[in-house]
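Q: Produce the complete structure using the sequences and hints provided.
If you read the protein sequences in the order shown, they are chains A and B.
Heads up: the first sequence begins at 0 in numbering that gives the first Met the number 0, then just goes up one per residue.
Heads up: the second sequence begins at 0 in numbering that gives the first Met the number 0, then just goes up one per residue.
Hints in this document: simulated from the structure, not taken from any laboratory.
Where is the CB? At the ideal position from N, CA and C, for every residue including glycine.
Hints are supplied without guarantee of correctness; some may be wrong.
[As the list claims (entries may be wrong)] Per the computed footprint, the stretches of chain B lying under chain A, defined by three or more beta-carbons under 8 Å from a beta-carbon of chain A, are:
(1) 60-69
(2) 91-103
(3) 122-134
(4) 177-185
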Amino acid sequence: MKLKKRVPVIDQGNSLGFWGGKFGGNFVPETLKKPIEDLEVLFNKLKKDKKFINERDKYFKNWVGSPTRFIKLENLTNHIGGAQIWSKVVSDANGGAHKIYNATVHCLLAKRSGKKIICGDTGAGYAGKMLSMAAKKFGLKCKIFMGAKDIARQQPNVKAMKKNGAEVIPVYSGSQTLVDAVSECMRFWVANCDTTAMCVGSTVGPAVFVRICGWSTSQISRELKVQLIDEFGTIPKKLKLYNCVGGGSSSFGFWNEFMDYDKRQVEFIGVEAGGPKKSKKHAAPLTYGSKIGILHGAAQYVNQNSDGQIEETESISAGLDYPGISPLHCFLKDTKRARYTAASDEEALTAYKLVTKFEKLRPSLEPSHAFFVALKEAKKLSKNTVVVINSCGDAYKDRGILKERLGKKYVKSN
Amino acid sequence: MLNPISVAFKKAKAEKRPALLTYTVAGDSSKKQSLDILKSISKNADILEVGVPHNTPVADGSQIQTSAYRAIEKGIKINDIFRIVRDFKKFDKNKPIILMGYYNMIFQYGDNSFLNKCKNSGVNGLIVVDLPWPENKNFAKKCKRKSIYFIQLLSPTTTSKRLKKIIQNSHPMNYFISMLSTTGGKLKVSPKEIIKNYNRIKKINPKKEIVIGFGITDKTIGKLKSADGLVVGSAICKEITRSLNSRQNPVTNVGKLVRKLKNKIK
Numbered sequence: 000m001k002l003k004k005r006v007p008v009i010d011q012g013n014s015l016g017f018w019g020g021k022f023g024g025n026f027v028p029e030t031l032k033k034p035i036e037d038l039e040v041l042f043n044k045l046k047k048d049k050k051f052i053n054e055r056d057k058y059f060k061n062w063v064g065s066p067t068r069f070i071k072l073e074n075l076t077n078h079i080g081g082a083q084i085w086s087k088v089v090s091d092a093n094g095g096a097h098k099i100y101n102a103t104v105h106c107l108l109a110k111r112s113g114k115k116i117i118c119g120d121t122g123a124g125y126a127g128k129m130l131s132m133a134a135k136k137f138g139l140k141c142k143i144f145m146g147a148k149d150i151a152r153q154q155p156n157v158k159a160m161k162k163n164g165a166e167v168i169p170v171y172s173g174s175q176t177l178v179d180a181v182s183e184c185m186r187f188w189v190a191n192c193d194t195t196a197m198c199v200g201s202t203v204g205p206a207v208f209v210r211i212c213g214w215s216t217s218q219i220s221r222e223l224k225v226q227l228i229d230e231f232g233t234i235p236k237k238l239k240l241y242n243c244v245g246g247g248s249s250s251f252g253f254w255n256e257f258m259d260y261d262k263r264q265v266e267f268i269g270v271e272a273g274g275p276k277k278s279k280k281h282a283a284p285l286t287y288g289s290k291i292g293i294l295h296g297a298a299q300y301v302n303q304n305s306d307g308q309i310e311e312t313e314s315i316s317a318g319l320d321y322p323g324i325s326p327l328h329c330f331l332k333d334t335k336r337a338r339y340t341a342a343s344d345e346e347a348l349t350a351y352k353l354v355t356k357f358e359k360l361r362p363s364l365e366p367s368h369a370f371f372v373a374l375k376e377a378k379k380l381s382k383n384t385v386v387v388i389n390s391c392g393d394a395y396k397d398r399g400i401l402k403e404r405l406g407k408k409y410v411k412s413n
Numbered sequence: 000m001l002n003p004i005s006v007a008f009k010k011a012k013a014e015k016r017p018a019l020l021t022y023t024v025a026g027d028s029s030k031k032q033s034l035d036i037l038k039s040i041s042k043n044a045d046i047l048e049v050g051v052p053h054n055t056p057v058a059d060g061s062q063i064q065t066s067a068y069r070a071i072e073k074g075i076k077i078n079d080i081f082r083i084v085r086d087f088k089k090f091d092k093n094k095p096i097i098l099m100g101y102y103n104m105i106f107q108y109g110d111n112s113f114l115n116k117c118k119n120s121g122v123n124g125l126i127v128v129d130l131p132w133p134e135n136k137n138f139a140k141k142c143k144r145k146s147i148y149f150i151q152l153l154s155p156t157t158t159s160k161r162l163k164k165i166i167q168n169s170h171p172m173n174y175f176i177s178m179l180s181t182t183g184g185k186l187k188v189s190p191k192e193i194i195k196n197y198n199r200i201k202k203i204n205p206k207k208e209i210v211i212g213f214g215i216t217d218k219t220i221g222k223l224k225s226a227d228g229l230v231v232g233s234a235i236c237k238e239i240t241r242s243l244n245s246r247q248n249p250v251t252n253v254g255k256l257v258r259k260l261k262n263k264i265k
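A: In structure tokens:
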């Protein structure tokens, strides 16, 4: 399995949508074949259309608020005493996370296809919140599917969705988390694909959704590349990009523009959710060697039992609490372009405490996983190594959990 | 030897009625009970579809989901399902059985081992909901080698060009999804419209048997009689749930429901 140079990774799948011949694809009910094909034709056309790209960039700049900041974490750098520690503060984006890029592009596509309704799934609530914002902005009706367990633990985002006029539909089946929300959303689309567009909230699902999402979040690395050159005059000789990985949308977007660099120069480190220390359950299929299986229309490494039933996951961060992983990351893992590891719930909390103690930055529980590994490794790295962590979400949505786990002093109101 | 599925269609045609296909989930609400249900309906059903329960079903409505979760909770495994089929075939060896499920379960078992097991336990056909054409080409070929029908799904969204290609490559039986819906949705298209679509598909190759499924109940089945076969699934799963909730015997109740369905299409 080989990664091609000078070809966008999203376009490296074969004619059936498989990356490396075995990840991704379109394992969908017959009813969805036509709407997926229509979306593919539309997306393939528009991604080459200058007018469409200008339109996208206009919204990214004026509405999403790009570029998001690229800042040095001076205090943490001094405290750790190893590599230079930087952060790309993607949580600056309108709505507070990277999910806005994918949501905006899906709404633009929905408008072009003449659909009036858009449906989407959400775990942490960010994908849902951003889709509700974008839907409102572009005059689309919005339905968000969310696991009942996630609705309980991510209330701030639920309120935001409702405020934006979206209908939030609780999903009570299975583990009542993201995996079930995605299933229910796909079921809704099966029954309503004639009037409704679907937005899959991450780089998962049937191949075209993986591609659209990756194309959208790549805005992060486009900005970062410019910012790095502004700051260092060139791409640093030793650059390490740390990102949490749930479905994999923010990490893929954070890395995409650097794909063709040698990994000895630009290394990608994906941090999965290891779950509670004492629990056997986790959301880290790449780290803990899960087998390839099919989930939500795509072949990928996925937590499952020997019969092929998808296993329940456990993580403090709803946004990483997914048993599968993007086919793009499976591909990056097997081609050895990226390295994957995991951080536990407790480790993420430790990192959150450390970051907020030293910096004016409040990463949500998802990027806190990446911070933990980055800070641990930075200690052993030379001063000329540039470590960048994507702070892809803001902790405001996590205040309930943070208050419970760390006490009141770690929660500031916005 | 002719596949028992084709024999069943012939028999129904001779009686000038559509074949009645039932769908129940293996292991719902227990291994033994699901076998007893199959036995109790086999007199009136022509072809038995047996669902392989999966916990992330992307095309099933709430009734079938409930049945599937109930079966999984009781610990049903794929090998138990093969045992149920084998035991049923000891009771009624000529009644055709079709397994219906999602591809990951087959993929984990291994295509070839799965098909060998199917063959040995007496499975006559397979419906794999999330393995559409052309992705299913290879798998369908493997089925053919074992004389197992791979049943293609056709939907109202399937384009004419695609319909022709699928049917051209299909085995003797195909399955037309009546409307845009997950299983068990309320019939949102008139039976007349469904039959119109059905006839359009049937015309492509009249030799292929086409069954209609999704949203069919004892209220609507009578209006779809001109099809080669009709599938009732969610309505049966619902009856199992209702029986369990009211502490009645699902085996006798489902038996009665299927008899009623049969009477409506005679």
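Q: For every hint, state whether the structure bears it out.
A: Checked hints:
With a cut-off of 8 Å between beta carbons, the segment 60-69 of chain B has 3 residues touching chain A; three or more are needed, and the interface restraint holds. A stretch counts as covered by a chain when three or more of its residues have a beta carbon under 8 Å from one of that chain; for the segment 91-103 of chain B and chain A the count is 3, and the coverage holds. Only residues whose C-beta sits within less than 8 Å of a C-beta in chain A count toward coverage, and the segment 122-134 of chain B has 7 of them, enough to reach three; the restraint holds. Counting residues of the segment 177-185 of chain B whose CB lies closer than 8 Å to any CB of chain A gives 4, so the stated coverage by that chain holds, three being the minimum.
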